[in-house]
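Peer 1: What follows is the residue order along each chain.
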Amino acid sequence: MERELRDDPPAVRAAEPERFEPPVRRESRERPARDYPRESRSEEFDGPGLSADELIAQSTRLTEDFLKAMGFEARISATVDGNHVDVTAEVATDEELLTGRKGEVRQALQHLLNRILNRGEVSRYHLQLEINDFWKRREEELRDLARSLADESVAAGGEVMTEYLNAQERRIVHVTLREDARVKTYALGTDMIKRVAIAPADFEGGPRDERD
Amino acid sequence: MAREAGQEDQRLRELVVMMARGLVDRPDDVAVEVLEPGEDAVFELHVHPDDLGHVIGKQGRTARSMRLALGAAASRMGRNADLEIAD
Chain A
0 MERELRDDPP
10 AVRAAEPERF
20 EPPVRRESRE
30 RPARDYPRES
40 RSEEFDGPGL
50 SADELIAQST
60 RLTEDFLKAM
70 GFEARISATV
80 DGNHVDVTAE
90 VATDEELLTG
100 RKGEVRQALQ
110 HLLNRILNRG
120 EVSRYHLQLE
130 INDFWKRREE
140 ELRDLARSLA
150 DESVAAGGEV
160 MTEYLNAQER
170 RIVHVTLRED
180 ARVKTYALGT
190 DMIKRVAIAP
200 ADFEGGPRDE
210 RD
Chain B
0 MAREAGQEDQ
10 RLRELVVMMA
20 RGLVDRPDDV
30 AVEVLEPGED
40 AVFELHVHPD
50 DLGHVIGKQG
60 RTARSMRLAL
70 GAAASRMGRN
80 ADLEIAD
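Listed in order, the protein sequences are those of chains A and B. Counted from 1, the first sequence has number 194 at position 195 by numbering that gives the first Met the number 0; the numbering is strictly sequential. Counted from 1, the second sequence has number 7 at position 8 by numbering that gives the first Met the number 0; the numbering is strictly sequential.
Check before you lean on any hint, since a few could be wrong.
Unchecked claim - Below, a list of computed lysine to any residue pairs in the SDA-like style, where the Cα atoms sit at most 20 Å apart:
hint : chain 1 : residue 1 : chain 2 : residue 2
1    : A       : 101       : A       : 150
2    : A       : 67        : B       : 79
3    : A       : 101       : B       : 79
Unchecked claim - Chain A is nowhere near these chain B residues, computed Cβ spacing over 12 Å in every case:
hint : residue
4    : 7
5    : 15
6    : 38
7    : 48
8    : 81
Said to hold, decoys possible - Okay, the calculated bits of chain A under chain B, using three or more residues with CB under 8 Å as the criterion:
hint : region
9    : 134-142
10   : 191-204
By construction, these hints were calculated from the structure, which means they are not laboratory data. Remember, predicted model here, so these are calculated numbers, not experimental data. All residues carry an ideal CB built from backbone N, CA and C; glycine is no exception.
Kindly generate the complete structure, drawing on both the sequences and the hints.
Peer 2: Quick look at the structure:
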């Protein structure tokens with residue numbers, strides 16, 4: 000007789016929820032990759048990949064199932080460019096729970112979705128997750144921040160620093176100030192999360208590991 | 000004596016099961032235990048030893064990401080939740 004699951008080790012495998020649907024894996028032996036000229040960008044990977052429609056369908060379903068398991072009803076849409084898929088989840092309430100105050104939850108969800116989508120392989124597909132227009136707003140915020148730090152650095156004649164940012168966020172700072180000849184930018188730190196330093200172009204310092 | 004795990008504990012437990020099964024090569028070996036049910040729930044994830052790297056990730060990034068996802072789902076219920084990985 001089956002009873003409600005209790006807080007002892009789950010012995011009832013049959014009651015486990017379904018696994019997130021993994022992408023369809025095709026053996027590379029089936030067909031050589033060159034049969035798929037559309038996928039020419041991914042020649043370093045084994046075998047042919049998903050078609051654009053398959054990638055959209057799988058990313059959409061994966062994201063929808065994931066957010067549903069988290070208790071969120073979201074409207075999901077996706078667009079594909081090569082192996083890059085942009086997924087947007089529109090939620091009406093509790094957006095900040097899905098993004099995190101500094102975007103750390105959005106980043107975590109994106110990481111997990113990518114790991115699941117690319118299970119068992121090197122990262123072939125890159126899924127970019129947008130929650131409402133969070134990343135768009137974050138991007139604008141980072142551009143403003145970069146410009147004001149550049150002014151500050153020039154005025155002070157020395158290095159100024161951002162808070163700790165992930166790679167995608169740091170890229171915005173670097174790119175925003177690339178055209179600003181007054182300053183140079185470089186990363187400080189060793190981990191995935193680093194800070195960006197902004198310094199006058201003739202400043203002596205440069206990229207380095209930070210030691211606490 | 001430990002309190003029985005309620006419906007919300009089970010929903011959070013299922014989230015962890017789904018995340019873990021999506022990440023591993025051996026989904027049948029995934030099991031999640033509710034170590035401590037309730038407002039500050041603690042879950043323990045068991046996977047096949049060969050899959051530990053898949054649920055932990057480089058520099059612990061995947062484990063950290065699962066904790067954040069679990070935390071967000073728990074917040075939605077007005078609760079907290081933490082995840083331990085058995086090794």
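Peer 1: State for each hint whether it applies.
Peer 2: Hints and how they fare:
The straight-line distance between the Cα atoms of residue 101(A) and residue 150(A) is roughly 24 Å, outside the 20 Å bound, and the hint therefore fails. A hinted pair counts as satisfied when its Cα atoms are at most 20 Å apart, and residue 67(A) with residue 79(B) qualifies at roughly 18 Å. Distance check on the hinted pair: residue 101(A) and residue 79(B) sit about 19 Å apart at the alpha-carbon level, within 20 Å; holds. With 12 Å as the threshold on Cβ separation, the claim that residue 7(B) sits away from chain A is violated: the shortest Cβ distance comes to roughly 9 Å.
Not every Cβ of chain A is farther than 12 Å from the Cβ of residue 15(B); the closest lies at roughly 9 Å, contradicting the non-interface assignment. The Cβ of residue 38(B) sits about 14 Å from the closest Cβ of chain A, beyond the 12 Å cut-off, so the non-interface label holds. Listed as a non-interface residue, residue 48(B) keeps its Cβ farther than 12 Å from every Cβ of chain A; the least gap is roughly 17 Å. Once the 12 Å rule is applied to beta carbons, residue 81(B) is consistent with being away from chain A; the minimum gap is 14 Å.
For the region 134-142 of chain A, the stated coverage by chain B is not satisfied: 0 residues place a CB nearer than 8 Å to a CB of that chain, which falls below the threshold of 3. Only residues whose beta carbon comes within less than 8 Å of a beta carbon in chain B count, and the region 191-204 of chain A has 1; fewer than three means the coverage is violated.
Of the numbered hints listed earlier, those contradicted by the structure are 1, 4, 5, 9, 10.
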